[in-house]
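Please model the complete structure; the sequences and the hints are all you need to start from.
Chains as they are written, first to last, in our numbering: chain A, 299 to 479; chain B, 299 to 479; chain C, 299 to 479; chain D, 299 to 479.
Mixed in with the good hints there might be a few duds.
One copy or two, either will do: identical chains are not told apart, so a pair holds if it fits within one copy or between any two.
Here are the simulated DMTMM-like pairs of lysine to aspartate or glutamate, each with C-alpha atoms no more than 25 Å apart in a straight line [to be verified]:
| hint | residue 1 | residue 2 |
| --- | --- | --- |
| 1 | K366 | D420 |
| 2 | K454 | E474 |
| 3 | K454 | D355 |
| 4 | K335 | D402 |
| 5 | K336 | E359 |
| 6 | K331 | D346 |
| 7 | K336 | D358 |
| 8 | K410 | D420 |
| 9 | K336 | D323 |
| 10 | K454 | D346 |
| 11 | K404 | E329 |
| 12 | K454 | D398 |
Treat the hints as calculated values from the structure; they're not laboratory data.
Here the structure is a predicted model, which means the values were calculated and not measured.
4 protein chains.
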Amino acid sequence: MSIAVLHGSTRDGGNTEGLAQLVLDGIPHTEIKLRDKKILPIHDQRHDEGGFDAVDDDYDEIIREVLKHDVLVFTSPVYWYGISGTLKNFIDRWSQSLRDSSYDFKGTIAQKKAYVIVVGGDNPRIKALPLILQLKHTFDFVGLGFEGYIIGKASKPGDIVNDSRAAVEAAWLNDELKAQV
Amino acid sequence: MSIAVLHGSTRDGGNTEGLAQLVLDGIPHTEIKLRDKKILPIHDQRHDEGGFDAVDDDYDEIIREVLKHDVLVFTSPVYWYGISGTLKNFIDRWSQSLRDSSYDFKGTIAQKKAYVIVVGGDNPRIKALPLILQLKHTFDFVGLGFEGYIIGKASKPGDIVNDSRAAVEAAWLNDELKAQV
Amino acid sequence: MSIAVLHGSTRDGGNTEGLAQLVLDGIPHTEIKLRDKKILPIHDQRHDEGGFDAVDDDYDEIIREVLKHDVLVFTSPVYWYGISGTLKNFIDRWSQSLRDSSYDFKGTIAQKKAYVIVVGGDNPRIKALPLILQLKHTFDFVGLGFEGYIIGKASKPGDIVNDSRAAVEAAWLNDELKAQV
Amino acid sequence: MSIAVLHGSTRDGGNTEGLAQLVLDGIPHTEIKLRDKKILPIHDQRHDEGGFDAVDDDYDEIIREVLKHDVLVFTSPVYWYGISGTLKNFIDRWSQSLRDSSYDFKGTIAQKKAYVIVVGGDNPRIKALPLILQLKHTFDFVGLGFEGYIIGKASKPGDIVNDSRAAVEAAWLNDELKAQV
Chain A
299 MSIAVLHGST
309 RDGGNTEGLA
319 QLVLDGIPHT
329 EIKLRDKKIL
339 PIHDQRHDEG
349 GFDAVDDDYD
359 EIIREVLKHD
369 VLVFTSPVYW
379 YGISGTLKNF
389 IDRWSQSLRD
399 SSYDFKGTIA
409 QKKAYVIVVG
419 GDNPRIKALP
429 LILQLKHTFD
439 FVGLGFEGYI
449 IGKASKPGDI
459 VNDSRAAVEA
469 AWLNDELKAQ
479 V
Chain B
299 MSIAVLHGST
309 RDGGNTEGLA
319 QLVLDGIPHT
329 EIKLRDKKIL
339 PIHDQRHDEG
349 GFDAVDDDYD
359 EIIREVLKHD
369 VLVFTSPVYW
379 YGISGTLKNF
389 IDRWSQSLRD
399 SSYDFKGTIA
409 QKKAYVIVVG
419 GDNPRIKALP
429 LILQLKHTFD
439 FVGLGFEGYI
449 IGKASKPGDI
459 VNDSRAAVEA
469 AWLNDELKAQ
479 V
Chain C
299 MSIAVLHGST
309 RDGGNTEGLA
319 QLVLDGIPHT
329 EIKLRDKKIL
339 PIHDQRHDEG
349 GFDAVDDDYD
359 EIIREVLKHD
369 VLVFTSPVYW
379 YGISGTLKNF
389 IDRWSQSLRD
399 SSYDFKGTIA
409 QKKAYVIVVG
419 GDNPRIKALP
429 LILQLKHTFD
439 FVGLGFEGYI
449 IGKASKPGDI
459 VNDSRAAVEA
469 AWLNDELKAQ
479 V
Chain D
299 MSIAVLHGST
309 RDGGNTEGLA
319 QLVLDGIPHT
329 EIKLRDKKIL
339 PIHDQRHDEG
349 GFDAVDDDYD
359 EIIREVLKHD
369 VLVFTSPVYW
379 YGISGTLKNF
389 IDRWSQSLRD
399 SSYDFKGTIA
409 QKKAYVIVVG
419 GDNPRIKALP
429 LILQLKHTFD
439 FVGLGFEGYI
449 IGKASKPGDI
459 VNDSRAAVEA
469 AWLNDELKAQ
479 V
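Given below as structure tokens:
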């Protein structure tokens, strides 16, 4: 079983990545930091005669890499009660993948499992629940199994170490993933 | 009372803008199409010593224009059960505005009213509710009054004319706004 | 097409029933006021060897009546951000119906359509959304189609007449139902 | 610090109470099993001239007992994606307490902290989130601090022991509460 971690945060070594490290500790995985990639917002051409134009950015390369793995871990800071615009742009582009005949996006991603790790500063265990429900709908649409999520609480750099509850949940998920590798 | 409409859709003349037209029919307003602007994803520098670096794009100009109006109408197609990445990037940048000492973002926006218009294809009156809850949290955070929302259902170009329920809600909101202008 | 309206409110002539009247105006339907019936809370015996004991109340008679109709309209005031305990007790008892071999509860209800009308006093178009999502899960579980909902705002007796938005939505649904009768 | 646990389940020794036992292990607390009490559904008389009539059941005694404690733990099986009708009836009656001049319900409960423990069989970590959001609104209305929740997954009697994630969360909360006693 191989694992890809998609980081939606926009700052190095932030709390979300800190929590993800606890989850992935000692587990081989591929890290993809979306902030280091160029991913343009989707231009909705679903209904254009010729379909989507090719886009000159890193999206295609990333999605092909992602689809080589069995387990996808999506991580994002909670920005304004949602995933970051950086991660949202990446997911928005799935609409393009759904219409790309050069590979079977839906058939392939439907065989995988997803986990979500998010960290927010403003009562995230309540206020990030709509975010979780959105991702549930998103994963359902493509048949991707939503296996679990961890919501951490942190604001200032390094704060995440003080969230003892997120820590025990991360340790639990670490065990869970190790048992599957 | 002046109205600014912020369009988050990525295609000209789409269903979301069609529904917005019904709402704004005969009402003077400023249109801002985010897809025609350059808005970079936020780079989270909230905790950097020097704060946020200046960003070379259209965000500042747009937010200053927005803040001149009394009523803000946010419109977005429902992309993957959330607002478009284009609109999300715009809102993410509010974190930068909150720390910009050249104007009082929070104090100013807290005096305004917001409406939301979204259109989706997959059971949006249920599956877009997390999106509405997110925007509620977002508006609450800055003190912006959330006065109402309309959820339309449409997929193919032009479909929105078949959503008779969205049409009566749009007519109602049109009356409401006209009474305030 | 026949319609049954299940009222979950606990007071005569309240705002919820007022809004329901607008929706059903001129449309033949069966009214069931749960407050006038005796419905005990469920005693969970799903896992008892002998299954559920017979319960001496009005539930069985009501559910059999309900199942004779094609369209079910559930109405409830928003009590503490949920449906009333009176309506909740009724729905909780569906667990008993699911195991009652004297009729095919799930097979029968799955052929019907449901509408929901709720009225609350505290920002119900936002704060009653979790209630709507709960009923969506509930209807999905038994295969009952969730065709639509109307959320009204009112507190004091008679207040509902001031909710012009709920009124246009009710008129729309009235047309919709009339076209189906 | 004293703790009251309000059980909303309707069966002895069920999974929800099993999970609650892990949370409360070794911690003195008062147990209140609502199923053993008589609590009538509310009859909404908020707008009657004379207010609410006295009700001949156990509600008053229970709420007075509850208010003697500092921490309130609400437990409920997830019935139809909500709290049980038994617990809902109890909470619905708070509307009566809010108007009872013989004690200061809101002023008193606002000084307390609440935890929630729920257990469901159908993907509860997603499908019980609306339930959590409802209780958040409920607690906010009376100023009761919502300190945390645990969602367990179980269906058949005894199943809860297989939910290793709920177990680590329960152990965490047990530590947390012990530190406060």
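Structure-based check of each hint:
no.: 1; hint: K366 / D420; verdict: neither (35 Å within a copy, 28 Å between copies)
no.: 2; hint: K454 / E474; verdict: between (29 Å within a copy, 23 Å between copies)
no.: 3; hint: K454 / D355; verdict: neither (32 Å within a copy, 27 Å between copies)
no.: 4; hint: K335 / D402; verdict: within (23 Å within a copy, 33 Å between copies)
no.: 5; hint: K336 / E359; verdict: both (11 Å within a copy, 24 Å between copies)
no.: 6; hint: K331 / D346; verdict: between (31 Å within a copy, 20 Å between copies)
no.: 7; hint: K336 / D358; verdict: both (11 Å within a copy, 22 Å between copies)
no.: 8; hint: K410 / D420; verdict: between (31 Å within a copy, 21 Å between copies)
no.: 9; hint: K336 / D323; verdict: neither (28 Å within a copy, 39 Å between copies)
no.: 10; hint: K454 / D346; verdict: between (45 Å within a copy, 10 Å between copies)
no.: 11; hint: K404 / E329; verdict: within (22 Å within a copy, 36 Å between copies)
no.: 12; hint: K454 / D398; verdict: between (41 Å within a copy, 19 Å between copies)
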